[in-house]
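Turn these sequences into a full structure, and let the hints steer you where they fit.
6 protein chains.
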Amino acid sequence: MTVQNHVFDVPYYQPIADECALFETAFNKGLPLLLKGPTGCGKTRFVEHMAAKLGRPIYTVACHDDLSAADLIGRYLLKGGVTEWVDGPLTRAVREGAICYLDEVIEARKDVAVVLHPLTDNRRRLIIERTGEELQAPPNFMLVASYNPGYQNVLKQMKPSTRQRFLSTTFDFPDAETEIQVVAKESGLDVERTKNLVRLAGHIRGLSSLDLEEGVSTRLLIYAASLIAGGMPVDKALQYSVVEPLSDEPDVQVALRDLIAVVYG
Amino acid sequence: MTVQNHVFDVPYYQPIADECALFETAFNKGLPLLLKGPTGCGKTRFVEHMAAKLGRPIYTVACHDDLSAADLIGRYLLKGGVTEWVDGPLTRAVREGAICYLDEVIEARKDVAVVLHPLTDNRRRLIIERTGEELQAPPNFMLVASYNPGYQNVLKQMKPSTRQRFLSTTFDFPDAETEIQVVAKESGLDVERTKNLVRLAGHIRGLSSLDLEEGVSTRLLIYAASLIAGGMPVDKALQYSVVEPLSDEPDVQVALRDLIAVVYG
Amino acid sequence: MTVQNHVFDVPYYQPIADECALFETAFNKGLPLLLKGPTGCGKTRFVEHMAAKLGRPIYTVACHDDLSAADLIGRYLLKGGVTEWVDGPLTRAVREGAICYLDEVIEARKDVAVVLHPLTDNRRRLIIERTGEELQAPPNFMLVASYNPGYQNVLKQMKPSTRQRFLSTTFDFPDAETEIQVVAKESGLDVERTKNLVRLAGHIRGLSSLDLEEGVSTRLLIYAASLIAGGMPVDKALQYSVVEPLSDEPDVQVALRDLIAVVYG
Amino acid sequence: MTVQNHVFDVPYYQPIADECALFETAFNKGLPLLLKGPTGCGKTRFVEHMAAKLGRPIYTVACHDDLSAADLIGRYLLKGGVTEWVDGPLTRAVREGAICYLDEVIEARKDVAVVLHPLTDNRRRLIIERTGEELQAPPNFMLVASYNPGYQNVLKQMKPSTRQRFLSTTFDFPDAETEIQVVAKESGLDVERTKNLVRLAGHIRGLSSLDLEEGVSTRLLIYAASLIAGGMPVDKALQYSVVEPLSDEPDVQVALRDLIAVVYG
Amino acid sequence: MTVQNHVFDVPYYQPIADECALFETAFNKGLPLLLKGPTGCGKTRFVEHMAAKLGRPIYTVACHDDLSAADLIGRYLLKGGVTEWVDGPLTRAVREGAICYLDEVIEARKDVAVVLHPLTDNRRRLIIERTGEELQAPPNFMLVASYNPGYQNVLKQMKPSTRQRFLSTTFDFPDAETEIQVVAKESGLDVERTKNLVRLAGHIRGLSSLDLEEGVSTRLLIYAASLIAGGMPVDKALQYSVVEPLSDEPDVQVALRDLIAVVYG
Amino acid sequence: MTVQNHVFDVPYYQPIADECALFETAFNKGLPLLLKGPTGCGKTRFVEHMAAKLGRPIYTVACHDDLSAADLIGRYLLKGGVTEWVDGPLTRAVREGAICYLDEVIEARKDVAVVLHPLTDNRRRLIIERTGEELQAPPNFMLVASYNPGYQNVLKQMKPSTRQRFLSTTFDFPDAETEIQVVAKESGLDVERTKNLVRLAGHIRGLSSLDLEEGVSTRLLIYAASLIAGGMPVDKALQYSVVEPLSDEPDVQVALRDLIAVVYG
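Chains as they are written, first to last, in the UniProt record's numbering: chain A, 1 to 265; chain B, 1 to 265; chain C, 1 to 265; chain D, 1 to 265; chain E, 1 to 265; chain F, 1 to 265.
Some clues are possibly wrong.
Copies of the same chain are indistinguishable here, so a pair counts whether it falls within one copy or spans any two.
Keeping only pairs whose Cα atoms sit at most 20 Å apart, straight-line, the calculated SDA-like set for lysine to any residue is [as the list claims (entries may be wrong)]:
{"hint": "1", "residue 1": "36", "residue 2": "19"}
{"hint": "2", "residue 1": "29", "residue 2": "138"}
{"hint": "3", "residue 1": "53", "residue 2": "13"}
{"hint": "4", "residue 1": "159", "residue 2": "252"}
{"hint": "5", "residue 1": "36", "residue 2": "149"}
{"hint": "6", "residue 1": "36", "residue 2": "161"}
{"hint": "7", "residue 1": "195", "residue 2": "259"}
{"hint": "8", "residue 1": "110", "residue 2": "70"}
{"hint": "9", "residue 1": "36", "residue 2": "253"}
{"hint": "10", "residue 1": "110", "residue 2": "66"}
{"hint": "11", "residue 1": "236", "residue 2": "18"}
{"hint": "12", "residue 1": "110", "residue 2": "65"}
{"hint": "13", "residue 1": "159", "residue 2": "214"}
{"hint": "14", "residue 1": "195", "residue 2": "178"}
{"hint": "15", "residue 1": "185", "residue 2": "28"}
{"hint": "16", "residue 1": "185", "residue 2": "56"}
{"hint": "17", "residue 1": "36", "residue 2": "247"}
{"hint": "18", "residue 1": "185", "residue 2": "251"}
{"hint": "19", "residue 1": "29", "residue 2": "188"}
{"hint": "20", "residue 1": "29", "residue 2": "54"}
{"hint": "21", "residue 1": "236", "residue 2": "30"}
{"hint": "22", "residue 1": "36", "residue 2": "159"}
{"hint": "23", "residue 1": "236", "residue 2": "263"}
{"hint": "24", "residue 1": "159", "residue 2": "205"}
{"hint": "25", "residue 1": "36", "residue 2": "212"}
{"hint": "26", "residue 1": "36", "residue 2": "175"}
{"hint": "27", "residue 1": "159", "residue 2": "66"}
{"hint": "28", "residue 1": "53", "residue 2": "20"}
{"hint": "29", "residue 1": "53", "residue 2": "24"}
It should be emphasised that the hints constitute simulated quantities derived from the structure, not laboratory data.
Model, not experiment: these values are computed from the prediction.
Following this line, the structure appears as structure tokens:
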């Protein structure tokens, strides 16, 4: 699954630490980059932001259990009796000197590693076995991957032989100051009311006793802020955009509502 | 599997809480919506009702173990020697600005998430990799999904990265007043006799000791009411439409018949 | 796998309870019907009987592990260079207003449920996604399914969301009087000698200590009666048609022969 | 995998009990027959013998894990650009009124049961869904199946709904008298020396302490007799045709050689 | 995977016991032969030797997990728009009256047994279902199979119904005298230095305490002898051709080097 | 996945022991070679170096779970209505007399062994069953394979019958002197600062208490040196290129940073 972005307006992104500098260094040195971190903390947005800033198109591939090397490289398709080669998103990125972003890369099938290895060491080559073609990645091609260490299980792990090919950095939710700015800007809600939302988010993320699979994402805060800005009462807006999306367990939902009462009470 | 509904007569639906307002807000803000709740409590009917009210066609997809991204997006089919692209229900919904309803979405294969992610964040884009096409969802496109938290198992769970993209709300059986109205209207049975059926349903749903996988649905009450309205004795009608559909266990069937005797005795 | 029956001679069937009335009511109300019960107690015969009585063709599908939605709905077949759509048995039944009987429905693959859902609620629609066709089931179409609760295991269970769409009734072996009539009529054996066979069957079915997977079916009694009517000694006929078909275990076979000695001794 | 036998010379077969009469009765009554018993006791030979005696061609199908309904019924094959239907062995047997013998039937895939059900009850019909054809089995068609109860495991069992459609009988190794005759006739070894081999076989089959998966088959005795008749010393002949084929375990091989020493010592 | 050998120079083979006589008897009697034994003890070489001696071509098939009946028999291949039947190695062997050698036969898929059964009993027939052809094996066709009892696991075992169709014999490493001859001849190393290698091999094979999956093969001795003959120091040659190929465990490697020190010290 | 290298500039490689001599001997004797060792210690680089030195092209195949024999040998591809045979990398290597390098060979599917066996014993033959072609490997063809004993699990092990066909040697990280040279040369960092990095690597590799899946590779040291040479502060460079790529565990990351503090403090 790919997303091609030819629009070079730089999307809004509020840096957390020095991730922008790291990205630029990796891009300039031709090194692949691995972003680790939880859901909805802005990894995709960050990559889109950097791509635009560097003036490169971006191909985003959301990886999944059945994603194979052919999905990345391309395949022959039969069209009206004629067989035609159709490039996959990785091949297109290499050809155009674009950024290819493999979101949640450990979800992909194992043959993907085969494609990535010669592309992520000093060879920087993409081999299209089916056509016999062999592409030398241009200097402005960059491979970025992400994964969420929180999901890790025994069956799905990145092999060290793949992992040790990437520069890596860990992402986390932005600090309160930054998150308030982001949520207010995206939702149109005033800063004062946004502060409460971000304060609530801090409480939820800090409460390990709640046993949530993940803390509330910035995206859900924006949803909540949007509903409130649209006139929905705060408790309902938070029920639909925070409590229900985070858990199905009645106990956990009660605990979340208690937390809301504390923050808003 | 899709169901296209071009008839805009608004199907009968009796609201339970403020779910209609939530649906309209989500539709207007372009946010995806997740409906949680048990079998046969009216989720499908609700979505059809809202689609008609908003004047949008609806594509319903009942998800299952083998449902893949291609089933939603489309595929090339060979017809009389010519290969032709055939849109899947999701693609059709995006093109027409319709509502796409993914019933029991966690049953679907994991590659479906790949399609949904860029469609459910701020990008709102559907990528048709096979044709190279990329669709920007129009404002009147909406994605609705449902699932039943009661079925959840370890193997099939919605990943937070998918789940935190939806506004969510929980459905439950309607209150007695509403359910009497619905059952009487659908079956043609008089309100007096319908009351007993709904009273029985309340007892069954409340008895956790019975160890039923799910409580009796409104649909089964309508079946029972139909049979009674058609002249079948109450005990037989309830045997065929409540006792037998709910359980194969002789013990549980006896307990259900005892409950019936209490209500009707 | 389908069986089409255009001959409308009503096959012989001896009713056990009010199952004929239930079938007719379900047919008239357009409701699907689920028959539960052990092997060889006459479910298939019953459905064939009712189909003939109601003047409808019948399509019987014996479900199995690999039966998919496409097996029921149809598929494109390549014939001499031309691709041709071929209706599956369910589609044929919907088009002709016939009865479609899904024998042992829980054996089928899970995508079958997707086809059945819109066909078994108030929509009564069959969607043929591959051709883009959508069929409204005519009033004289009826869906009947069967399964054997005795086989149930953890992996194969009917989901409540499917199960609560059917009227259900439990079949069992006919009472002695009826079974004697059936066996005598089918085998040509005199009633006197048939009585002993049915008496034996009662003993076998009642003996839970034997640990048989299922009791002896009416079909096996007919086999035994046929062999005896053809001149085979009773002990040999019962060995080949009752003892050996019921078990491979020497202990169980001895116990069955003891039971035979008691009845015939 | 099928074996067609148009040669009607009756192959040599030495009856053990009244299995010939049972086979003829089943053939005349149109009932399917199930043969149970260990490897190499002559089931295949028996069926070939009866087929020749009844003047019917025989199609033998050795069932296995991947044998599907299509392997039995037939499939479309692409030959030089033209698609041609090719009957499978079961279809050929039904068309010609032949005997179809499914060897080790429980090994086959589960969709095979679907084909066999309407063919083994009073309908006696074979449905070829792919071509839309429906064959009524002629009176001289007969279905015979075999399986070995000794192999049974939890995963592979005949469902009662299939099993209770067959007349069944158990085969075992022939008695000593008969086996001597068979082995001598097949191998050309004199009766005197054959007696020792059959005596040895009796000892091996009786020794449950040896923990062999199966006793020595008549076939292996014929191999041994052939080697001896060809001039090989008895101990070597028995090593190659009895000891080594029965076990890889050094302990068991020693025990078998001890047994040989007892019989021949 | 097949190896066709039309060169009839008899490859060098040093008999261990009377395996040559057994092979010839089996060939003359038309009986299949099963060779059991460890890796690299010369089974393949033996079969090639006998094939050349008997003047028959040989088709060697190295069996594996995915080897199916079609791989042995043949299949239709699409070549330039025309479908062409291509014989598999077994079919070619039957047609030409050659020897077909199935190396490590239990690794193959289970449908292979179906092909072998009618070919390995008195029928000696190969059925090519796809083409409708049926071949009677000529007298100079012979089937040879091998397997290694040491690998046996619960999932992969030869069924007695297959196994009891073969004459069987166990292979082992040659005696020291013979092995010295073989290694010296193949490597060009002088007999004196070869003796040490074979002495070392004897020690390694006898040491059950080392917990090696298999003892050192004659092939590895030839490798070692080749390296030594080419001028490499003995300790390095043995490190690369014996120690490293036998084990990855540091402990075991140390033990092997100690053993080498004892023999060469 | 193959990498073809027609450029014969010998890539820089710093020998560790006598691996170059072993490679040349194996090449000259026509023996296959197995390289064992951890990730990123230079195996691929070594093979490329030797290939260039010997003037042979190299085909590198990164093996994975789904890599099958056909991926190595080739397959028919449909191109514009015409079916065309396309050689796989192994076939190309045999035809051209090149070096074929199977990286992480035990990851490949089991049917690969079938291809390798006749190519790695005295036959040295590659059989292309699909085309009926049979290639005799020329003297300048060589097969090299690698695997990492550290990954070994019960399901994926090299069978002795495959393993005992290769000369084997173990690779490890280069000694400090050599590694400093390599890292400095590749990154452009001065030797003084490189020494610290290699010292750090020694500490990390020696600390078994850290429970890392693998020690830090030379490649990651080069990454770190590159970043430092580019002006990034040492602690950040090590965070992105050593700490984060080695572990997701906060405890382990802290331990690694402590180690860095010790070396740089």
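Could you place residue 159 and residue 214 in one of the four classes (within, between, both, neither) given a Cα distance threshold of 20 Å?
-> Between copies, since 10 Å is at most 20 Å while 24 Å is not.
field: Status of residue 247 relative to residue 36 across identical chains (alpha carbons, at most 20 Å)
entry: Between. Shortest inter-copy distance 11 Å satisfies the 20 Å Cα cut-off; intra-copy 24 Å does not.
*Using 20 Å as the alpha-carbon threshold, which applies to residue 29 and residue 54: within, between, both, or neither?*
Within one copy only: 14 Å inside a chain, 31 Å across chains, cut-off 20 Å.
Intra/inter-copy verdict for residue 195 and residue 178 if alpha-carbon distance must be at most 20 Å: within (11 Å within a copy, 40 Å between copies)
Q: Up to 20 Å between alpha-carbons, please classify residue 110 paired with residue 65: within, between, both or neither.
A: For residue 110 and residue 65, the Cα distance is within 20 Å both inside one copy (9 Å) and across copies (6 Å).
_Within, between, both or neither: how does the pair residue 195, residue 259 come out at a Cα-Cα threshold of 20 Å?_
Answer is within; shortest intra-copy Cα gap is 15 Å, inter-copy 40 Å.
Checking residue 185 and residue 56: alpha-carbon separation at most 20 Å within a copy, between copies, both or neither? Neither: 25 Å inside a copy, 31 Å across copies.
>> I want to check one pair: residue 110 and residue 66. Are their C-alpha atoms no more than 20 Å apart within a copy, between two copies, both, or neither?
In response: Both, since 10 Å and 8 Å are each at most 20 Å.
How would you classify residue 159 and residue 205 at a CA-CA limit of 20 Å: within, between, both, or neither? between (30 Å within a copy, 17 Å between copies)
Margin query: Within, between, both or neither: how does the pair residue 53, residue 13 come out at a Cα-Cα threshold of 20 Å?
Written below: Within one copy only: 11 Å inside, 38 Å across.
- Should residue 29 paired with residue 138 be assigned to within, between, both, or neither, using CA atoms and 20 Å as the limit? Answer is within: at 12 Å inside a copy they meet the 20 Å cutoff, but 40 Å across does not.
- Query: When no copy is named, should residue 236 and residue 263 be tagged within, between, both, or neither for a Cα gap of at most 20 Å?
  - Reply: Result: close within a single copy only, 15 Å intra versus 37 Å inter.
Going down the numbered hints, you'll see the structure goes against 16, 18, while the others check out.
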